[in-house]
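Colleague: Protein sequence lines correspond, in order, to chains A and B. Per the working numbering, residue 1 is the first one in the first sequence, and the count goes up by one each step. Per the working numbering, residue 1 is the first one in the second sequence, and the count goes up by one each step.
There's no promise every hint is true.
As the list claims (entries may be wrong) - Below, computed lysine to aspartate or glutamate pairings styled on EDC-like, alpha-carbon distance capped at 20 Å:
hint : chain 1 : residue 1 : chain 2 : residue 2
1    : A       : 598       : B       : 344
2    : B       : 279       : A       : 695
3    : A       : 502       : B       : 201
4    : A       : 556       : B       : 336
Derived by calculation from the structure, the hints in this document are not laboratory data. On a predicted model such as this, the values are computed, not experimentally measured, just so you know.
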Amino acid sequence: MILSTNFLKDFVDIDENLDVKTVAEDMTRVGNEYDSAEKLINSTNLIIGEVIECTMHPDSDHLHLCKVNIGTEILNIVCGAPNVREGLKVIVAQVGAELPGDFKIKKGMIRGQESNGMLCALYEIGIDKKFLSEADKNGICELPKNAPIGGDPIKFLELDDNVIDFELTANRGDLLSILGMAYEVGAIYDKQVKLPDLTHNESGEDISKEFETKVETEDCKLFLTRKVKDVKIMESPDFIKNRLIASGIRPINNVVDISNYVMLELGQPLHFYDADNLGNKIVVRQAEENEKLITLDNQERILSKEDIVITDGKKAVGLAGVMGGLNTEVEENTKNVIIEAAIFDSVKVRKTSNKILRSEASNRFEKGLDPARTYMAIERACNLLEKYANTTVVTGMLKYDTTDNREKDIEIEYSFINDVLGANISKEDIIDTFRKLNFKTKPNEEFVTVTVPTRRIDISIKEDLVEEVGRIYGVNNIEGRLPIVPMKRGTVNKTIRKIRNKMSNLGLNETLSYILINDKDVKRFTTDEFEPLKLLAPITEERNTLRYSMIPSLYKIYEYNKARENKDVCIFEIGKGFWKRQEEYGEDKKICVLMTGKFYNKIGYNEEVNFYDIKGVTEELLDFLGYGGRYSFILPKQMPQEFHPGQTAEISVNNDIVGIVGRIHPEIEKEDVFVMEVNLDKLLAKKVGKMKFKEISKFPVVKKDLSILVDKNIESKEIETKIKKKAGKLLLDIKVFDLYEGKNIDNNKKSLAYSLTFGDQNRTLNDEEINEIMDKVIEDLEKSGMQLRK
Amino acid sequence: MKEKINTIKQKSIEEIENVSDLKSLEDIKIKYLGKKGELTAVLRGMKDLSADERPIIGSLVNEVRDTLEEIIEQKEQQFKREELNQRLQKEKIDITLPSNKLKRGSIHPLNRVIEDIEDLFVSMGYDVVEGPELETDEYCFERLNLPKGHPARDMQDSFYITDKYLLRTQTSSVQARTMVANEEKSPIRIITVGKTYRREDDATHSHQFNQIEGLVIDKKERNVSLADLKGTLEVFVRKIIGANLDLRFRPSYFPFTEPSYEVDVTCFKCGGKGCNLCKQTGWIEVLGSGMVHPNVLKINGYDPEKYRGFAFGTGIDRLAMFRYGITDMRYLYANDVRFLNQFDRKDEE
Chain A
1 MILSTNFLKD FVDIDENLDV KTVAEDMTRV GNEYDSAEKL INSTNLIIGE
51 VIECTMHPDS DHLHLCKVNI GTEILNIVCG APNVREGLKV IVAQVGAELP
101 GDFKIKKGMI RGQESNGMLC ALYEIGIDKK FLSEADKNGI CELPKNAPIG
151 GDPIKFLELD DNVIDFELTA NRGDLLSILG MAYEVGAIYD KQVKLPDLTH
201 NESGEDISKE FETKVETEDC KLFLTRKVKD VKIMESPDFI KNRLIASGIR
251 PINNVVDISN YVMLELGQPL HFYDADNLGN KIVVRQAEEN EKLITLDNQE
301 RILSKEDIVI TDGKKAVGLA GVMGGLNTEV EENTKNVIIE AAIFDSVKVR
351 KTSNKILRSE ASNRFEKGLD PARTYMAIER ACNLLEKYAN TTVVTGMLKY
401 DTTDNREKDI EIEYSFINDV LGANISKEDI IDTFRKLNFK TKPNEEFVTV
451 TVPTRRIDIS IKEDLVEEVG RIYGVNNIEG RLPIVPMKRG TVNKTIRKIR
501 NKMSNLGLNE TLSYILINDK DVKRFTTDEF EPLKLLAPIT EERNTLRYSM
551 IPSLYKIYEY NKARENKDVC IFEIGKGFWK RQEEYGEDKK ICVLMTGKFY
601 NKIGYNEEVN FYDIKGVTEE LLDFLGYGGR YSFILPKQMP QEFHPGQTAE
651 ISVNNDIVGI VGRIHPEIEK EDVFVMEVNL DKLLAKKVGK MKFKEISKFP
701 VVKKDLSILV DKNIESKEIE TKIKKKAGKL LLDIKVFDLY EGKNIDNNKK
751 SLAYSLTFGD QNRTLNDEEI NEIMDKVIED LEKSGMQLRK
Chain B
1 MKEKINTIKQ KSIEEIENVS DLKSLEDIKI KYLGKKGELT AVLRGMKDLS
51 ADERPIIGSL VNEVRDTLEE IIEQKEQQFK REELNQRLQK EKIDITLPSN
101 KLKRGSIHPL NRVIEDIEDL FVSMGYDVVE GPELETDEYC FERLNLPKGH
151 PARDMQDSFY ITDKYLLRTQ TSSVQARTMV ANEEKSPIRI ITVGKTYRRE
201 DDATHSHQFN QIEGLVIDKK ERNVSLADLK GTLEVFVRKI IGANLDLRFR
251 PSYFPFTEPS YEVDVTCFKC GGKGCNLCKQ TGWIEVLGSG MVHPNVLKIN
301 GYDPEKYRGF AFGTGIDRLA MFRYGITDMR YLYANDVRFL NQFDRKDEE
């Protein structure tokens, strides 16, 4: 909402010296934020002059040499405007003037002729072309004969105005009017508000004799109709045009301008119909499905049942709350006008305008209107039309009204206000605050009854009144303190944080990715059953679906970095994956790791990340969380096709699959890129025992090495299991310490070397028993076709 | 006899002094002090001396032997030291060569700020709770006093999945969840932190961003008031954003609070003088806050006649940008490792 301070002064007296920035800041303090506050015209050094001589420039076919009298001197100015001529009163930008667009006027030579200033068009001094007439768009401004030479053209044109562009909150529909703003400003500076003149004459027979209105829909709450006769269509007076321009509305003609002017003044949108094109009847009803209407902007609109239309009994002539129809538009030759002032259901108007078109009118209907203003607005329109369009107002008004027009009384205890605010505002100050707001009060000992004016549709409960007191009294006058509550330390689940620290200490960078991905990627890297969750209205197709696996997100990050020559990417993220199964919607917390490039830095060590690195990271995580000894890596039953089938494992904890780790399939990614994902919700649901001290054995341990030659496709895990089984409980630990393939060994064989540690908590083991165990182990291995290497 | 001893002494000292390695030193030791050594021979020849001479010569020999032993010992130590020094010299390495280490990891700047905020509120007795990101319309809007068709829904164009499910537009949904879940309807003091989503994407708005939300509800007698909200946010701003910042409470409108306030903080960039970041106002809008709307209490099972509360929320992305001087919001979500690698150390205290 743009507020013109000249316009505001019609309704409330504010100090002439009050700076526009101060007003804007003071309004902000009470809750009305502003975007900008500035002069309407920012140009400087302008003066009224008269062209006393005008000849063609000798070296140009369109430039003129002008002598311009500005009172104190005669200036030579070269001017290219087609309408410049002798005797014209003009706006002169003197040398030193600053015009919009950082344009400074300097003394200069134009094609060899001296020029000491510029004759200006209105758009050159800062009025947007969209507000201007054809003549003003194409030439310099022609001031009227009575313009005083040497005077200030901005003052003379009544353009010495300031504008504040407010960003209002959604609940303050009442501030979409100058009168509403006046109440607010009045409350701040404790000034009385002046109401507009609503008086006018009436003549002739009552309107009901010649016109009827019918409302056939509940979504029309209030519908007032008046008629005026014999309007004279012409240009609006300057003050109306200027105020419309300052408020961002293009002047058209006096009648159309008055409807907009009243809307700005009172916040009530009006609609004017050409009475002769409309006929003698208005019917308000729901639109029919696919009903068509050409609106004022010459666009055909296709309507649906939810829209409200104004009709002449047969066809639509207006889209309620949004825009009128072209067929009943007020034009140059319009004689008689039907005025409509109405209130329509705000939600319905919002739906229609969201679908079809947002307008100044719809914006006001959506926020809600005050019925009292509707009555004021129709009278105000008659008052202005009588004055500025030489019209006569037909006696009487047609009225359909289902609104509750009564003012609400709210009782509020003084102590309640102070308790909520945590303040100590006196009874007198509270009552005085309501007085400033123009709220009537009936004070009592403990409480006050406040009568809320109908314009404040945002106020309905006690708490709303507390806000009003807080606003006007000034929240910044209330001293801050901390709640008095029982002492306790809060709780926070530190597991995620600890995982984050662990992973970063392992050398991984934590990332933060978008959860929205392309639907093509949502089923990748997983064979889980779920229904993808697609957005109803995505911003881009690239992000139209909620991810299930986080791997596509981290893979995107890898690709981003690869494109920037960042080759070593070892990252992790803790985030969520989303799904639908049957009718259930859900989300799981997951951790995802991606590793590629170099991970370990050592001179001469050039190995890049391989499967065992990411497996190591996975084990580090599982061991850290207390799952040591309870997990294993197994071949996936169903291999997601995005994984390398020979370098991928499912992660099983307590024999339950919690995640996957492996290399991205070389057909998808030609670099060696490894990923891991674990469902943290699933993993962390598995209980972990307490960390507890185990007595350290006082007896020595015995170490034995075992080197075995086996088929390449036999998994180490299988051999280990065999050894463990035969070795029994004296075997404390078993580790692979060497893997050899190649020279001196069959092509399809590999050699694995294990280090076995034996021991007992209560005694020293003797050689014989160890040897006996080793013999048993070896015998068993050889039975399975594994060879002992000596 | 005496002369002989002195000659041996002189000769042996000379030899010891000229010796060049440990082995030769050992030889000399044997040559003079060994079982068959020259000095030992003198001792053996003592039986031929008179009883008077014997003790004199005996003590002289002993004296010389002690001297020789001492010199040899010294010499021996010297050689050992030299040998060690040589070895150490040989083992000298270039200490300026790079070390062996894992790639350095890092923690995302946003999570760093989140952890700080959580710690601050935990110390003030708040519990940190979580809620779903895939929310229902009920918890995201309706239970927060935003019925269908409410104009304030204009402000939050949302990512709907179905009529009912959407990505939460605000962490405030956790407020409703906390109140509903608390069956005893006992006092509440929580914060929640997490991802939120809105249907907008431009240079200053990411469709995904992070919020923190706080909620305090207590019995009316305990007087949870706007002043308490103010005090709490003063602590928050001064501990998390900057110790010397001023706060400005500006009345505003949120459907879930009444009265509602936006909280401006002295512009972090210019210190309040006015700059392009604060649009010359000297203030940066940081928080939304207010007293919990009685309808919200009622909808979620708290009697507004008995309980009162305050709530506040803010976006974290901008706080992280400010703390680390990050110039463009898009860095936060691009995950360029050259960006991530910069957050690999502990924050200053």
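Colleague: None of the hints should be skipped; say for each whether it holds.
Modeller: Now for the hints, and whether the structure bears them out:
1. A hinted pair counts as satisfied when its Cα atoms are at most 20 Å apart, and residue 598 of chain A with residue 344 of chain B qualifies at roughly 17 Å.
2. Annotation: proposed proximity of residue 279 of chain B to residue 695 of chain A is violated, straight-line Cα distance about 68 Å (limit 20 Å).
3. Under the criterion of a C-alpha separation no larger than 20 Å, the hint pairing residue 502 of chain A with residue 201 of chain B is inconsistent with the structure, at around 34 Å.
4. Between residue 556 of chain A and residue 336 of chain B the CA atoms are separated by roughly 11 Å; this keeps the pair inside 20 Å, and the hint holds.
Consistency note: the structure conflicts with the earlier hints numbered 2, 3.
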